[in-house]
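Chains A and B, in that order, are what the protein sequence lines are.
Under the working numbering, the first residue of the first sequence is numbered 1, with each subsequent residue one higher.
Under the working numbering, the first residue of the second sequence is numbered 1, with each subsequent residue one higher.
Note that these hints are calculated values from the structure, not bench results.
It cannot be assumed that every hint is accurate.
Identical copies carry no separate label here, and so any pair may be met within one copy or between two of them.
As the list claims (entries may be wrong) - Straight-line C-alpha distance at most 20 Å; calculated DMTMM-like pairs for lysine to aspartate or glutamate:
no., residue 1, residue 2
1, LYS242, ASP128
2, LYS229, ASP36
3, LYS49, ASP94
4, LYS229, GLU32
5, LYS70, ASP94
6, LYS249, ASP303
7, LYS317, ASP250
Number of protein chains: 2
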Amino acid sequence: MKSIPTLIFLLYVGLMGSSWAQQRPNPVVSPEILPDNSVIFRIKAPSAKSVRLFGTWLKDLRNTVEMTPKDSSVFEAKVGPLPADMYEYRFIVDGIPILDPVNTIATRDGSYIESRLMLPGPLTQLYDVQSVPHGVLSAVWYPSPTIGMDRRMEIYTPPGYEKSGKKYPVLYLFHGAGGDEEGWVSRGRTNYILDNLIAAGKAEPMIVVITNGVPSVAGAPGERPAFAKPATNGVQAMTSGKFEESLMKDVIPFVEANYRVMADPAHRAIAGLSMGGYHTQQITNANPGTFSYIGVMSMGLFDGPNARNYNRAEHIKQLNALKQAKPKLYWIGCGKDDFLFESVTKLRALYDQVGLPYTYRESDGGHTWVNWRLYLTELAPKLFR
Amino acid sequence: MKSIPTLIFLLYVGLMGSSWAQQRPNPVVSPEILPDNSVIFRIKAPSAKSVRLFGTWLKDLRNTVEMTPKDSSVFEAKVGPLPADMYEYRFIVDGIPILDPVNTIATRDGSYIESRLMLPGPLTQLYDVQSVPHGVLSAVWYPSPTIGMDRRMEIYTPPGYEKSGKKYPVLYLFHGAGGDEEGWVSRGRTNYILDNLIAAGKAEPMIVVITNGVPSVAGAPGERPAFAKPATNGVQAMTSGKFEESLMKDVIPFVEANYRVMADPAHRAIAGLSMGGYHTQQITNANPGTFSYIGVMSMGLFDGPNARNYNRAEHIKQLNALKQAKPKLYWIGCGKDDFLFESVTKLRALYDQVGLPYTYRESDGGHTWVNWRLYLTELAPKLFR
Numbered sequence: 001m002k003s004i005p006t007l008i009f010l011l012y013v014g015l016m017g018s019s020w021a022q023q024r025p026n027p028v029v030s031p032e033i034l035p036d037n038s039v040i041f042r043i044k045a046p047s048a049k050s051v052r053l054f055g056t057w058l059k060d061l062r063n064t065v066e067m068t069p070k071d072s073s074v075f076e077a078k079v080g081p082l083p084a085d086m087y088e089y090r091f092i093v094d095g096i097p098i099l100d101p102v103n104t105i106a107t108r109d110g111s112y113i114e115s116r117l118m119l120p121g122p123l124t125q126l127y128d129v130q131s132v133p134h135g136v137l138s139a140v141w142y143p144s145p146t147i148g149m150d151r152r153m154e155i156y157t158p159p160g161y162e163k164s165g166k167k168y169p170v171l172y173l174f175h176g177a178g179g180d181e182e183g184w185v186s187r188g189r190t191n192y193i194l195d196n197l198i199a200a201g202k203a204e205p206m207i208v209v210i211t212n213g214v215p216s217v218a219g220a221p222g223e224r225p226a227f228a229k230p231a232t233n234g235v236q237a238m239t240s241g242k243f244e245e246s247l248m249k250d251v252i253p254f255v256e257a258n259y260r261v262m263a264d265p266a267h268r269a270i271a272g273l274s275m276g277g278y279h280t281q282q283i284t285n286a287n288p289g290t291f292s293y294i295g296v297m298s299m300g301l302f303d304g305p306n307a308r309n310y311n312r313a314e315h316i317k318q319l320n321a322l323k324q325a326k327p328k329l330y331w332i333g334c335g336k337d338d339f340l341f342e343s344v345t346k347l348r349a350l351y352d353q354v355g356l357p358y359t360y361r362e363s364d365g366g367h368t369w370v371n372w373r374l375y376l377t378e379l380a381p382k383l384f385r
Numbered sequence: 001m002k003s004i005p006t007l008i009f010l011l012y013v014g015l016m017g018s019s020w021a022q023q024r025p026n027p028v029v030s031p032e033i034l035p036d037n038s039v040i041f042r043i044k045a046p047s048a049k050s051v052r053l054f055g056t057w058l059k060d061l062r063n064t065v066e067m068t069p070k071d072s073s074v075f076e077a078k079v080g081p082l083p084a085d086m087y088e089y090r091f092i093v094d095g096i097p098i099l100d101p102v103n104t105i106a107t108r109d110g111s112y113i114e115s116r117l118m119l120p121g122p123l124t125q126l127y128d129v130q131s132v133p134h135g136v137l138s139a140v141w142y143p144s145p146t147i148g149m150d151r152r153m154e155i156y157t158p159p160g161y162e163k164s165g166k167k168y169p170v171l172y173l174f175h176g177a178g179g180d181e182e183g184w185v186s187r188g189r190t191n192y193i194l195d196n197l198i199a200a201g202k203a204e205p206m207i208v209v210i211t212n213g214v215p216s217v218a219g220a221p222g223e224r225p226a227f228a229k230p231a232t233n234g235v236q237a238m239t240s241g242k243f244e245e246s247l248m249k250d251v252i253p254f255v256e257a258n259y260r261v262m263a264d265p266a267h268r269a270i271a272g273l274s275m276g277g278y279h280t281q282q283i284t285n286a287n288p289g290t291f292s293y294i295g296v297m298s299m300g301l302f303d304g305p306n307a308r309n310y311n312r313a314e315h316i317k318q319l320n321a322l323k324q325a326k327p328k329l330y331w332i333g334c335g336k337d338d339f340l341f342e343s344v345t346k347l348r349a350l351y352d353q354v355g356l357p358y359t360y361r362e363s364d365g366g367h368t369w370v371n372w373r374l375y376l377t378e379l380a381p382k383l384f385r
C-alpha cells in the first residue's frame, strides 16, 4: 500500500501521465499580464531552435512574433500594452503550432484549438462570467430532412426562461467557414455576453440559436459520427444553399415548435460572421419579411463565377423586395484590416444603389473573433426594441 | 479586390493565421487506423531531436513510446493492434507535450487537453454519435449558498424529456481530482452513452447531473470568472467536505425543483470516479437511505492522517447504517493496473467485514477514462430497474 501523502499526490495528478508534469515543479508563468495590459508569454523549450508567437491582436494575421531565449530553457516574448480584450494565441515551436502548455484555457472553432488570453477591462467584463443570473446553454439535436440527417445546434435560453411562462424573441446566429456550432460559444462567449447585457438592461431577454452551417456534417468534429467518411468541408458544400434551405424548413420550425418563441418577423433576428454573413444574406434575400433584424459581420458581396451562379440582376430584385419588407435593422460590421473589407465596400455600394437602408459599423482590426465578439455586444442591444 | 478564387480560399481559411497551415498542402495522416486496429501516429517535426507518444492504452501510464524519424521531417510510431476503444493521446516533442496537429478532435478535463483516438468496435459504438434519438445536454448554473457562489453543472435530459410530461430518475455523476464538470461530457461521452443505451432498451431513460467537485471554483477553467485569484485546486479543497454538503443542500434541491424528477430514494443514483468515488462514499455514508444506487469507480478506502480526520470506528458505524438502509446496488469498479487497486481491496475487505453487500467489477487497465467510460456503460443499465 502506498503511503497516504503519495496517495494524495497521485489522486491530485490522477488524470495525468508523466508528460504534462514536466513543466512542474518549477513551471514558467504564461501568459503573465502586467498592470498596463502588456503580456509576457513564456515557454520552456530547451531544445527549440526557434519559437514564435501568433495572436489575434496582430494587425497582420500572417505575422508572428519572435520569442527570445531568456536562459537555457525558457523562450519569452513581451507584447503590448494591448487593448483590454480577449484574444486567441499559439506558440510555433520549430514550425509546429502548439497550445501554451501552462495555460489551462483553450478555445476552439472547427479545426482550430488555441490558447485564450483575456485582459481585464470594460469589454472583457462583458465576456467574463459575472455574478449575474445565467441563462442555460444546451446542445440540442434536431431533424433536418432537408439535409438528410439529425444535426446539432447550441441554444441559449435567457435567465428565467424555465419558469417565466413567457415567450421570447429569437436570434439565429451563424459561424464562419472552417468553424462550427461551438464557435460562438467557445470563442464567441455568446451566453456570457447575453447574460451580462440582459442583466444590465442593455439587451432584451432573447433565445439565441447557433447552428452548424456546414451541411455535409452533423455537428462539430467531436460531435458527429466518428467513422463517417471525411466530410466535404469545402466552400462548395458550405455555399450549396442546403444550409440556408434547412434553416428555413427545419431549424426555425423546430425552434418555434419546441421553445416558447414569439414566432413572428418582428421577433426574429438573424446574423452571421464571414461565411455566416453570406448565409445571412442568402436567407434574408430569399425570404424578405421573415426577419426584422439582420446582421452581416465581416462579409460583403460574394459575386463572381464561384459564387453559385451569382446573378446581379436577381440580387438587385431580391434587395428591392427586402427593401419593401422594411426590416427594422440591417446592420453591417467590418474591420478596417479585414481581407474582405473591399467586398463589404462593394456590398454597401450596391445597397446604396438599391436604396436599402443599413447601419454600418467599421472597427479596427481584421477577420477575427476580437471583432465578432465586439459586434455581438453592439448588435444584441439593438434587437427587439 | 482580390480574385474570387482567392476570396474563396481566404474564406475557407478565414479563421487561421499562417501557422496551422504549415502542415498543408501535404499534411501527414495521423492517426491512421489500420483494418486490424493498429494505429500509425505521425507528426511533421523537421527540427525535433526526440518525439515520444503517450496514450491511455499504455499499461503503465508513466511510459511513453518513442517515435522514429521516417524521413527528414516526419516522425512515426505504430502501436497495436489495440482493443477497439476510445483513447486520449499526445505527442511529446523535445519534452513539450502537444496535441496531434492534424487531428481536429481534442478532449479535455480540468487542465488536460489531449487528442482523441476512437477505434471502431462494439464498445465505441456506444460512445459514438448514432442515428438514435438524442437527449439534450445543458450547461446550467445553480446557486450554492453552501459554497457561497453560483456554480456550473452539466445536465443530460433523455430523449423526449421536453414533451413527455413524465418524471424521470436521476443519476448524480462526479469527476476526479484535476477534473471538472465537463470531463464526463468531453471525455466520458455520457450523453452519447445514455442515448445509445436508452435507444437499445438497455438503460432506463434518466436525467444525469454532472457537477463540479472542486468547491473553490465555479466551474471549468474557461467557465469561471477570468480574473479571480487562482483557485485552490488541491486535494485539501476537494476533500474539505464542502462539495458533499452542497450536493445535498444545493444541487439535489435545485434539480428536484427545476426538473421533472422522481424525487425519492428509489429513483436517485450517485456515482463518481477517483476523487468523485471518494465524494460518493462520503455522501452516501453520511446520508443512508437517500440513494438506492451507488457506484464507486477507481477509488477505495481513503484513510490515514490526511484523509480529513479519518475515523475507522465512525466509518464502520456509517456503513452499518448504510447496510440497514439496503441500497439496491452498491457497485465498485477498479482496473487491475490502477494505482488505487490496493485501496479498493482494503475498502472491499471493510465492506465484507461489515457485511455491506456490493457488486465488484475488476477490469483490465488503470486509472483512465478508458475504464470510466466502460464502467458507465455497465453501471447505467443496472439503475432504476
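Outcome of the hint check:
1. LYS242 with ASP128: For LYS242 and ASP128, the Cα distance exceeds 20 Å both inside one copy (35 Å) and across copies (25 Å).
2. LYS229 with ASP36: Result: close only across copies, 18 Å inter versus 49 Å intra.
3. LYS49 with ASP94: For LYS49 and ASP94, both the intra-copy (6 Å) and inter-copy (11 Å) Cα distances are at most 20 Å.
4. LYS229 with GLU32: This pair counts as between: shortest inter-copy Cα distance 14 Å, intra-copy 43 Å.
5. LYS70 with ASP94: Answer is both: 17 Å inside a copy and 18 Å across each meet the 20 Å cutoff.
6. LYS249 with ASP303: neither (25 Å within a copy, 60 Å between copies)
7. LYS317 with ASP250: neither (26 Å within a copy, 58 Å between copies)
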